[in-house]
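Undergrad: Residue-level listing of the chains:
2 protein chains.
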Amino acid sequence: MSHHHSEREPLSSETKQALIDALRRIVPADGLLTDEESLHPYECDGLSAYRRLPLLVVLPTEVTQVEAILKLCNELDVPVVARGAGTGLSGGALPFEEGILLSLARFNQILDIDPQRRTARVQPGVRNLAISEAVAPHGLYYAPDPSSQIACTIGGNVAENAGGVHCLKYGLTVHNIQQIKVITIEGELLEIGGNGLDSAGYDLLALMTGSEGMLGVIVEVTVKLLPRPERAQVVLAAFDDIAKAGGAVGAIIAAGIIPGGLEMMDKLAIQAAEDFVHAGYPRDADAILLCELDGTNEEVSAHILKVREILKQSGATEVRTAVDEAERIAFWKGRKMAFPAVGRLAPDYYCMDGTIPRKRLPEVLAAMADLSKQYELPIANVFHAGDGNLHPLILYDANTPGELQRTEELGGKILELCVAVGGTITGEHGVGMEKIDQMCVQFQPLELSQFHAVKEAFDPKRLLNPGKAVPTLHRCAEFGAMHVHNGELPFPELERF
Amino acid sequence: MSHHHSEREPLSSETKQALIDALRRIVPADGLLTDEESLHPYECDGLSAYRRLPLLVVLPTEVTQVEAILKLCNELDVPVVARGAGTGLSGGALPFEEGILLSLARFNQILDIDPQRRTARVQPGVRNLAISEAVAPHGLYYAPDPSSQIACTIGGNVAENAGGVHCLKYGLTVHNIQQIKVITIEGELLEIGGNGLDSAGYDLLALMTGSEGMLGVIVEVTVKLLPRPERAQVVLAAFDDIAKAGGAVGAIIAAGIIPGGLEMMDKLAIQAAEDFVHAGYPRDADAILLCELDGTNEEVSAHILKVREILKQSGATEVRTAVDEAERIAFWKGRKMAFPAVGRLAPDYYCMDGTIPRKRLPEVLAAMADLSKQYELPIANVFHAGDGNLHPLILYDANTPGELQRTEELGGKILELCVAVGGTITGEHGVGMEKIDQMCVQFQPLELSQFHAVKEAFDPKRLLNPGKAVPTLHRCAEFGAMHVHNGELPFPELERF
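Protein chains in written order, with UniProt numbering: chain A, 1 to 497; chain B, 1 to 497.
Chain A with its partners taken away, still in its complex shape:
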């Protein structure tokens, strides 16, 4: 269970040349980018506060090319960062100056749709929403729906175990896939998973899902599809007190109803969304809940009645059921556009992601309000309320000296707050680069060592996305020491690898 520090020697110029020469033989001419200008689009993912140019970008089109590329990198000791659409929010696809950026963007084919088994076999670069579009003629859809679903791709969804509005009822990515093909750093193809609920052997499918590109490169995904519910309807409830909205969430779940989606927004988010997309939200509410019921026609009718009753009993000042599909879509549009809407309130915003036990919501919100004052940075709140997954949006201006750093410090504090109340530092965005220090707060050295041992079972030279997702014990010691000495949490500058 040993592992060493992740600092690397720079590649020699001979190695770089050998790498480029070999890659030219593996991929077509347009599949290798080396000049600085063409590298720029790859310098960051959705966590744009962190930027680095990769040594080069390679865009294979065939699985055999991926195998050859990884085998080559393993031989030459070159780090590899795999990238889908680059919409990730935790820096999982941030490149290394001394490594290659392996784009899966050209693996964009849906290979097979099996309506009877309700599966689709797709390449990793297929967009999340494109799957649901392709299978719609069969009355089916793919359930996980991250806000970025128009753009994000399924390979990245698996790597980060993406969620979405509907994951309360339908689960995360890990619950909605059944097989993957993965290329190991040794260039070997692993077929992982099975057709049944259970599969024999260790659950490598779950292990790979959410592993953030640290264990292998995904080249094919077989997703599970669900029949489109006969009916879906959404109820909007307004509250004059966010704690009452939190109580309503608990009461709905306690009634044995699992809504298709159960989302909360606070005042700042409501007003921003309303100004941006005119969703029809009550601007003066302190909080709103959006509760979607889906299923058979009779089931939805019954649940709507019950949910409306619970919302009123919980003190909602207004309860509105969307009267038609247009209003349902408008209600959701406000929620789905909440991030960019809030983004209009300041030059920059930083989207956090953490999970807390539902019942701790009021005190966490109060503590966040205090932190917001202390750091002099506004926070808007959008939640997957049903599963306690928070998305605080910190508003800042990167051009004001020190403000980005203050934002990152505040973000770190919020994550530590989540851990302190018994929650976790991630809901659905992954750890990546962003939360690497908070992993030291979430886990003990023994658990971190076991993570490293598992990593070593797949990638003994630690070439796949080095330095992401799981901190070295050395890093944690430094982080912890600084934490203790200064009495305040600093967010260290981006480390060189």
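Don't read these hints as lab results, they were simulated from the structure.
Since the list gives no way to pick one copy over another, a pair counts as held whenever it fits inside one copy or between any two copies.
Below 16 Å or equal to it, Euclidean Cα-Cα: the simulated EDC-like pairs (lysine to aspartate or glutamate) are:
1. Lys306 with Glu230
2. Lys359 with Asp114
3. Lys224 with Glu133
4. Lys181 with Glu447
5. Lys413 with Asp370
6. Lys312 with Asp240
7. Lys267 with Asp241
8. Lys461 with Glu186
9. Lys71 with Asp21
10. Lys333 with Asp275
11. Lys224 with Asp145
12. Lys181 with Glu62
13. Lys413 with Glu376
Here the structure of chain A is known, so what remains is to put chain B in place on it, guided by the hints.
TA: Coordinates of chain B only, in the frame set by chain A:
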């Protein structure tokens, strides 16, 4: 990714004595069994065709004792097999003559029930059903319900990723737990999992679940609880053709209804169950379906109507909705007692476990009928029909020379049949000792090597349950070679380790 053959040198008598002396210092006097008579109850689990006496049995009562025992075994190179209630059906708890049997039976306390979070923190030796009984006053229950739920314990449920009648709707064990504490072979305590849907780091919770005692010893489990549905009702449908029953299963699922349970029984199973418990089944039917709907009152009413309609359209000769709770329980009693009921038809029976895609059901049943004739052994069929999990019960007489071997050969053929139609060799019983050779059919050497690499990340000396669950490549080579040369599948005699 290297690993070596699993044959072991016998322990020296000095080592044995050192082991016993040290164990006496770790556990109370009644916690160490060494005389042959007291070892006998531990010679097998539910797969009673395989029997072996352990070197000794140790029954700790404290987590610190488990830590010390494992540390000791690691130092002395002594294999360890952990055991819960011993109800497993694949030989996962079969002991080794040269190893210790570590019983978790005395860890039988429910440590904490949190009705608001809907969790219970329990020791591994707590019986599955005892959890639901303890949380019933809060209107909650623990969903996975293996047929052995009266006796089986939660630690074993996690080790085998147990399922049950309700796993179609509510998932396997892995979907119903949120944290575990595990002792590594080095005697260290790992806390795995988190409170949220997602958790940071690699998904070690899923990796440990179903790992059959190969990666660590579970000493605590935090399970998720569900609110008892307001109403549950069951519909029984009879068919004169098992293929029509299969069609009805597909039609129900296609209608967007996920029943709480959806079970099928064939003629032999129906008659055996009816003779045994008088469940009220139609004795002359070729197949029956039991379809349970649960949820809110309105939801169940609506679904019952729809399911009855689908069943009639699918050609059911009779459709009966249980009129009251007594009849509902009677319908389920027949199903839950199907194994012992079938067991009355012959001196012995062998319960198989495999999963197939739902649509391949008719051809798999036909092929099994052929195999039954070929091997001259009757097969009764009981299925978790909704998720394609088969439980063929082979009837035989262990006292007839050669009949057990023929049964095992037939069982192997059935599992290979499952793989051939795109299914898997396990649904919910695990691989253990029973299916170890079929793992060579299910997986390629690369995947098996990756399994061994993962094992090595937890247990480099391979002391935890050695030789179970994942075959050595050497074993697969032998198995494959014999398979090819004789044109027929032999089931090798139980290997010595």
